[in-house]
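Visitor: If you read the protein sequences in the order shown, they are chains X and Z.
Per my numbering, the first sequence starts with residue 1, numbered consecutively.
Per my numbering, the second sequence starts with residue 308, numbered consecutively.
Calculated from the structure, these hints are not laboratory results.
Every residue gets a Cβ at the ideal spot worked out from N, C-alpha and C, and that includes glycine.
Do not take every clue at face value.
Per the computed footprint, the stretches of chain Z lying under chain X, defined by three or more beta-carbons under 8 Å from a beta-carbon of chain X, are [as the list claims (entries may be wrong)]:
(1) 472-481
(2) 628-636
(3) 647-657
(4) 706-719
Here are the simulated DSSO-like pairs of lysine-lysine, each with C-alpha atoms no more than 30 Å apart in a straight line [to be verified]:
(5) Z/K531 x X/K146
(6) X/K146 x Z/K361
(7) Z/K486 x X/K146
(8) X/K146 x Z/K566
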Amino acid sequence: MTIAVSTTPGRPAASDWVRRLPEYLTIWVPLLLSATHLIAFTLWTIWISFTPSTLVPVSGWVGLRNYSAVAASRNWQIALDNLLLFGSAFVLLSLATGLILAILLDQRIRGENLLRSIFLYPLAVSFVVTGTVWSWLLNPGLGIQKLVRDLGWTTFRFDWLIDRDMAIWTIVIAAIWQSSGFAMALFLAGLRSVDADLIKAAQIDGAGPIRMYRRVILPTLWPITITVIVIQLQFAISTFDLVRALTNGGPGIATQLPALVVYDLMFQRSLLGRGAAAAVLMLLILLAVLLPYAAWRYVQRRRAIHA
Amino acid sequence: MPITTTRRQLLAGSAAALALPAFARAQGAIKPRLTAISQWSAGSDGAAITALGKKFEEKGGVWQHSPVPGFTTEMMNKLRAQIMAGDPPACSQLKGPEIAAWSKIAPTVDLDAVVAAAGYEKVIAPDLAKLHKPGGKWIALPLQIYSTNMLFLSKRAMDKAKADKIPVTWAEFNDLAEKMKAGGVPYPIANGGTRPDDGQKFEAALAGISPTAYRAALMNLDKKALEGPEIKAAFVQVRKIADWMDPNVGAQHFSTNLKRFVDGDMGMMIMGGWAQGVLRNAGFKFEDFIIAPGPSDNGKPVFLLNADAFIFWQRKEPDLQAGQTLMAQLVMDPAIQTMYSQITGSIPVRTDVDLSGEGWSDGQRRTAAALKDAIASNQAVLSLAHNMAQENGMTAAMIDVITEYVKNKTIKPEQAAVRLAEAVESSR
């Protein structure tokens, strides 16, 4: 919050304060409300996670019992394994797809606006819709497999949706379809903001297009890359509606993810205490991503000031 | 001074005049009113509860039903919010052991007098009665019953297998499945891939193998029974069933494949009695399929009970209290239960309702007869997959094991039995 600091030395006049009242109201009231909301409910969830609450919140203290129960459950272990796989595969692949799309679009081609809208469009679709549509496309008896087989290739197999080892990849596919357009948009903006003089200089030095991207353009994109990684990672950690619509954690419990476990514990099993514990664990995973990012931003800013 | 007195008298008089009608109502002319929540909003469920509301209004009541569409758990979330706000509905849908669990978080109505007056306890299954009087007093009333282990046979698949005998035991069931497979039915078992669907396969298997073991292991959570040979045998049977299912159904609902079932591409379906209503609604005829009780190795029908019920929450308002009494009387009334079940395709909770008349299907008659027999031979047990045997948390922990076993063929039956026992231990 870098609110304009009064430039006149000493105390600002009372009339100044009155004049800026609307400004204070629009900034501080919503900020306080949302911060209280966020912090209060986070604290409340943390408190619940240490109580024996089941159907309704109750007071009491059970120490870390809810945490150990969640950590020992098969559902949670599977969810963590899946998160690791899904998170890394999704982030890397959507980054790569987004970057390639951005570079291709950057070639001053015709119909760029149209293509850009098409690639960005999935982002406007709700995850539930994405999940449902892909659940049909990937269903071996209805979707792609059936189409290819009907075209004549009768031994074609693409049944990841019902294969418990591969099912997590169907979520990766759908998530990439949904959000690589977002990565593309950010990268494209980055590519466009590369200093034209830099490119010209490289051209004069005789750099070919591949060399130019590798040595000149892409290195300037890395702050954007980190931003994209962090945004996609926090999306991956909190993924819920997509997997619920696509596989609902199945086949069996093969595609469980932490958010599904939280919902399941709280609202299907009516174990509020354990659900809250799982939610707090999710928060810790998120912090493990966000805190280093915040630290990095801080260091960057310090450096910029000193430079 | 005299003026003030007059004014005071006037005020007192008008206050009395205003209070009079309320007082008169309290003296007996109260108009019964009922606030109710349930998940029944559409289809035959919605039609049935609307019809019940009409009957309530015919008796002079005010019917205020707010349906919460979606899963039962969503209705529960609304109920939880209302209870925590100190404003529970006069009556809400709730079933199985959840009745006992929820009755601990808010006061409920003692229905003993009205139940005794109707002589209700004598005409319903004992295990079912127990669920609705958790502390020894009636606080909830069952409304309708479904069996979760009915066996549906596709006529066309039977023709392909050149079979006409309805299998009674699991051995006969397995024979028929093999015959169907040999006769050109690609998938002898029709199924969906949801969690309750997988759970139903297991509970039907275990109850058919031994109702005694079912009661001990799944209803009473007896440690010895959970490690007993029947559990392993049930998992072996479930694997056979899973091998005959179409793996492509993924997580689909069972109703998605009903056409293939009727066409004879799928042969048999183990499903709740509600599938009859779904089949009929989808436009299929009674000639297309046969309904029979699920396989039972001792030859006598085993009935896996699933019963919808209403629980009554304490309210101070006299009109709501009158409404609760009226509602309780209606729910227990054989004529109302007949009307309700004929709309939804279930069977009445009362075992003394005559189903020979018009408006009932053969499937419903067979289900009702199976329930009577099963109660007589003590083989009416509570469904696990449909949250009748255990509270939600325990049920979900057990279904986790079952659904994973159905989908993962590398898990051995012995392993699954061990995991089931472990899941129970960790959820106690």
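Visitor: Does each hint hold? Answer for all of them.
Guide: Cross-check of the supplied hints:
Check result for the region 472-481 of chain Z against chain X: violated, 0 residues qualifying (beta carbon to beta carbon below 8 Å, three or more required). Only residues whose beta carbon comes within less than 8 Å of a beta carbon in chain X count, and the region 628-636 of chain Z has 0; fewer than three means the coverage is violated. Chain X is given as covering the region 647-657 of chain Z, and this is violated because 0 residues of the stretch bring a CB closer than 8 Å to a CB of that chain, at least three being needed. Taking a C-beta to C-beta cut-off of 8 Å, the region 706-719 of chain Z contributes 7 residues in contact with chain X, enough for the three needed, and the coverage statement holds.
Restraint check: the Cα-Cα separation between Z/K531 and X/K146 comes to about 48 Å, which exceeds 30 Å; the hinted pair is violated. For a cut-off of 30 Å, the pair hint linking X/K146 to Z/K361 is broken: about 49 Å separates their Cα positions. At roughly 28 Å between alpha-carbon atoms, Z/K486 and X/K146 fall within 30 Å of each other, so this suggested pair holds. With a CA separation close to 18 Å, the supplied pair X/K146 and Z/K566 stays within the 30 Å bound.
In terms of the numbered hints stated before, the structure departs from hints 1, 2, 3, 5, 6, listed from lowest to highest.
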